[in-house]
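Line by line, the protein sequences are chains A and B.
Mapped onto the working numbering, the consecutive letters of the first sequence carry residue numbers 1 to 314.
Mapped onto the working numbering, the consecutive letters of the second sequence carry residue numbers 1 to 306.
The set of hints was computed from the structure by calculation and includes no laboratory data.
Predicted model only: the values in this text are computed from it and were never measured.
Where a beta carbon is used, it is the ideal one built from N, C-alpha and C, also for glycine.
Don't take each hint at face value.
Only part of the chain B face toward chain A is listed, based on derived beta-carbon distances under 8 Å [claimed, not checked]: (1) V37; (2) D95; (3) G102; (4) L103; (5) F106; (6) P212; (7) T215; (8) V230; (9) V233; (10) I237; (11) M284; (12) A295.
Partial list, derived from the structure: chain A residues whose beta carbon lies under 8 Å from chain B [stated by the list, open to error]: (13) A121; (14) W242; (15) Q285; (16) V293.
Read off the chains here:
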Amino acid sequence: MRSSARTVTIFVVLAALAAVPPVAALLGQPFYLDLFRRIMIFAIAALSLNLILGYGGMVSFGHAAYLGIGGYAVGILAHHGIHDGFVQFGAAIVASAAVALVIGAISIRTSGVYFIMITLAFTQMLFYLGISLDEYGGDDGMRLAAHTRFAGLLDLRDPTPFYYFVLVILAGLLYLVHRLVGSRFGIVLRATKSNEARTRAIGFSPYLYKLAAFVIAGAMCGVAGALFVNQTAYLTPAFMSWTRSGEIMFMVILGGMATLIGPVLGAAALLLLEDLLQSWTEHWQIILGPVLVLVVLFAKRGLAGLLPGGRRHE
Amino acid sequence: MNLVLFLEQALNGLQLGVMLFLMAAGLTLVFGIMNLVNLAHGSLYMVGAYLSVALFKLTGSYLLAVPLALVGTLAVGMIVELVALRTLYERDHLDQVLATFGLILFFNELVAILWGRAALYTTLPEWLSGQLELFAGVRYPTYRAAIIAVGLAVAVLLWYVVTRTRLGMLIRAGASNRTMVAALGINIRLLYTVVFGFGAALAGLAGLMAGPIYTVQPGMGEDVLIEVFVVIVIGGIGSIRGALAGALIVGMVDTLGRAFLKPALATIVSPTAAEAAGPALASMLIYLLMAAVLAVRPAGLFPPRG
Chain A
1 MRSSARTVTI FVVLAALAAV PPVAALLGQP FYLDLFRRIM IFAIAALSLN
51 LILGYGGMVS FGHAAYLGIG GYAVGILAHH GIHDGFVQFG AAIVASAAVA
101 LVIGAISIRT SGVYFIMITL AFTQMLFYLG ISLDEYGGDD GMRLAAHTRF
151 AGLLDLRDPT PFYYFVLVIL AGLLYLVHRL VGSRFGIVLR ATKSNEARTR
201 AIGFSPYLYK LAAFVIAGAM CGVAGALFVN QTAYLTPAFM SWTRSGEIMF
251 MVILGGMATL IGPVLGAAAL LLLEDLLQSW TEHWQIILGP VLVLVVLFAK
301 RGLAGLLPGG RRHE
Chain B
1 MNLVLFLEQA LNGLQLGVML FLMAAGLTLV FGIMNLVNLA HGSLYMVGAY
51 LSVALFKLTG SYLLAVPLAL VGTLAVGMIV ELVALRTLYE RDHLDQVLAT
101 FGLILFFNEL VAILWGRAAL YTTLPEWLSG QLELFAGVRY PTYRAAIIAV
151 GLAVAVLLWY VVTRTRLGML IRAGASNRTM VAALGINIRL LYTVVFGFGA
201 ALAGLAGLMA GPIYTVQPGM GEDVLIEVFV VIVIGGIGSI RGALAGALIV
251 GMVDTLGRAF LKPALATIVS PTAAEAAGPA LASMLIYLLM AAVLAVRPAG
301 LFPPRG
């Protein structure tokens with residue numbers, strides 16, 4: 001029963017997201033289209049982090065790195081006149097998987113607080129690398145030369161088709177994560193999280209499983225980066241700033257770790273809250289900061305824990 | 001290579017190293033003893049810098065402003081510990097990271113409300129703003145020399161406190177077995193608050209010394225914080241000896257890399273390629289160093305004993 005309730009919840013959320021463009025058009029508020037597309041893009045990023053953080057127990061504080069790599073892959077190709085979506089998204093996926101492979105191979109050798117600090121430090125390194133790339137705007141960043149085009153199919157310059165494109169990718173990745181987590185691979189990964197020594201004792205090598213999950217998560221977040229640069233139409237090193245990593249991590253916690261729908265709810269809740277606070281005061285972070293502390297102290301199970309069938313995998 | 005230039009840059013590296021050490025010492029003590037990952041350590045650095053600027057303006061005396069700013073940062077640190085961090089000691093690292101991330105947002109915004117988002121202009125008293133003649137023909141800014149002296153003095157003092165005094169004995173005992181220390185009748189909560197306060201004051205000292213060299217603005221603590229993470233990962237988390245070694249290595253590598261990597265590259269590859277790659281590589285150098293150290297020794301160079 002629990003699993004069917006969970007499925008229903010996911011379909012309700014996706015249906016609600018699909019209804020946003022007509023409702024926004026009806027209300028004459030195109031702003032909502034933009035906001036919810038942004039929410040879905042961050043949901044993809046949070047979903048990918050949840051794979052390693054929630055299911056794999058790897059507290060990566062550098063997940064914005066792959067948002068940046070995906071963004072830079074698209075931005076740099078567009079800068080040189082290549083606008084084809086298959087090439088751009090392919091490059092974004094390959095590049096972020098490759099970076100995740102290198103960072104993961106080094107960081108997963110360590111654990112605990114070392115892992116947190118190292119993933120943070122590597123992301124900061126990429127941030128500085130972005131700043132020193134003068135040809136691609138350096139510190140200031142650069143405008144995206146043109147939006148991604150999938151020849152004959154889709155141009156991401158058009159707001160509504162872009163919206164549904166993001167929705168389809170989100171739905172596809174939700175299904176992918178669902179299948180991954182339930183597969184033999186996912187079971188070993190979750191076993192590693194709950195007891196690494198025992199997992200080793202029954203004959204698995206946790207390192208390779210964790211690294212594979214780390215690379216998959218990186219590649220997924222690279223897709224989010226490729227979408228995000230189309231959303232902002234502007235590329236800056238700030239894609240990779242460490243506060244961005246913190247935000248994505250907070251979305252996962254707020255929504256509920258190791259739940260499928262959690263990251264989507266967390267991304268929606270955080271971005272809507274930010275939007276609300278920003279409309280009240282310029283100094284919205286002075287409210288958001290303590291809210292964050294309170295959520296961590298008192299609401300550990302996240303939003304997904306409140307929904308029917310939303311309890312996490314044990 | 002010009003020897004005077006090299007000496008000057010090596011001293012700059014030492015100066016950056018001792019400042020990183022002041023930050024790293026507090027962070028690593030708090031981690032070693034309370035098992036707390038405190039991202040908001042950079043905020044205390046910022047608080048120290050802002051308090052010293054404000055108090056210098058208010059009192060007109062640098063010698064008065066510095067101790068007042070240190071006491072102020074110590075107080076802020078203790079309040080933060082009592083209000084927010086105390087409940088986090090028993091939590092896992094993920095919770096600690098997120099909650100202290102929230103504190104950073106709070107502090108950055110608070111400072112922006114009180115003093116604005118623009119960088120503050122800082123002044124030095126005349127007796128610190130001159131140059132010092134080290135030996136014939138070699139001059140060095142008095143202020144940077146003073147930072148090196150203060151930093152080394154604090155390092156010695158810290159070594160003395162931790163290894164030779166009763167407080168240091170309690171700190172070391174608390175790090176290895178907190179339940180036992182509490183069972184022996186020591187008020188461990190008070191000890192934690194005191195240690196946290198002193199860690200905060202060290203961060204505040206680094207911040208107030210950094211003010212006149214770097215910029216004083218909201219968020220100034222975070223860039224330093226991440227460099228300090230590199231320092232303590234290289235040195236071994238929880239070890240003060242490791243923090244000192246890591247800080248000096250990172251300070252030297254970073255400073256010398258920025259000064260000499262580009263000209264050194266130009267002798268190997270073409271000057272235009274060096275022009276393009278030099279600054280990028282220099283800014284990544286300490287992170288590459290960290291990766292190299294971890295590849296050989298995953299627990300850092302001087303992991304704490306026991």
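The hints, checked one at a time:
Of the supplied interface hints, the one on B:V37 holds, with its beta-carbon coming within about 5 Å of a beta-carbon of chain A, less than 8 Å. At about 5 Å, the closest approach between the beta carbon of B:D95 and any beta carbon in chain A falls short of 8 Å, and the interface hint on this residue holds. A least Cβ separation of about 3 Å between B:G102 and chain A falls short of the 8 Å threshold, and the interface hint therefore holds. The beta carbon of B:L103 comes within 6 Å of a beta carbon in chain A, closer than 8 Å, and the hint placing it at the interface holds.
For B:F106, the interface hint holds, the least distance from its beta-carbon to any beta-carbon of chain A being 3 Å, beneath 8 Å. Interface hint status for B:P212: violated, as the beta-carbon distance to the closest one in chain A is roughly 23 Å, over 8 Å. For B:T215, the interface hint is violated, the least distance from its beta-carbon to any beta-carbon of chain A being 14 Å, above 8 Å. Because the beta carbon of B:V230 sits about 5 Å from the nearest beta carbon in chain A, less than 8 Å, this interface hint is met.
The criterion of a C-beta within 8 Å of any C-beta in chain A is met by B:V233, whose closest approach is roughly 5 Å, and the hint holds. A hinted interface residue such as B:I237 counts as satisfied when its beta carbon comes closer than 8 Å to some beta carbon of chain A; here the least separation is about 6 Å, so the hint holds. Look at B:M284: its Cβ gets to within about 5 Å of chain A, closer than 8 Å, so that hint holds up. For B:A295, the shortest C-beta to C-beta distance to chain A is roughly 7 Å, which falls under 8 Å, so the interface hint holds.
Annotation: A:A121 was flagged as interfacial toward chain B, and the flag holds, the nearest CB pair being 5 Å apart, inside 8 Å. Annotation: interface hint on A:W242 holds; nearest CB of chain B at approximately 7 Å, less than 8 Å. Annotation: A:Q285 was flagged as interfacial toward chain B, and the flag holds, the nearest CB pair being 4 Å apart, inside 8 Å. This hint holds: A:V293 has a C-beta 4 Å from the nearest C-beta of chain B, less than the 8 Å allowed.
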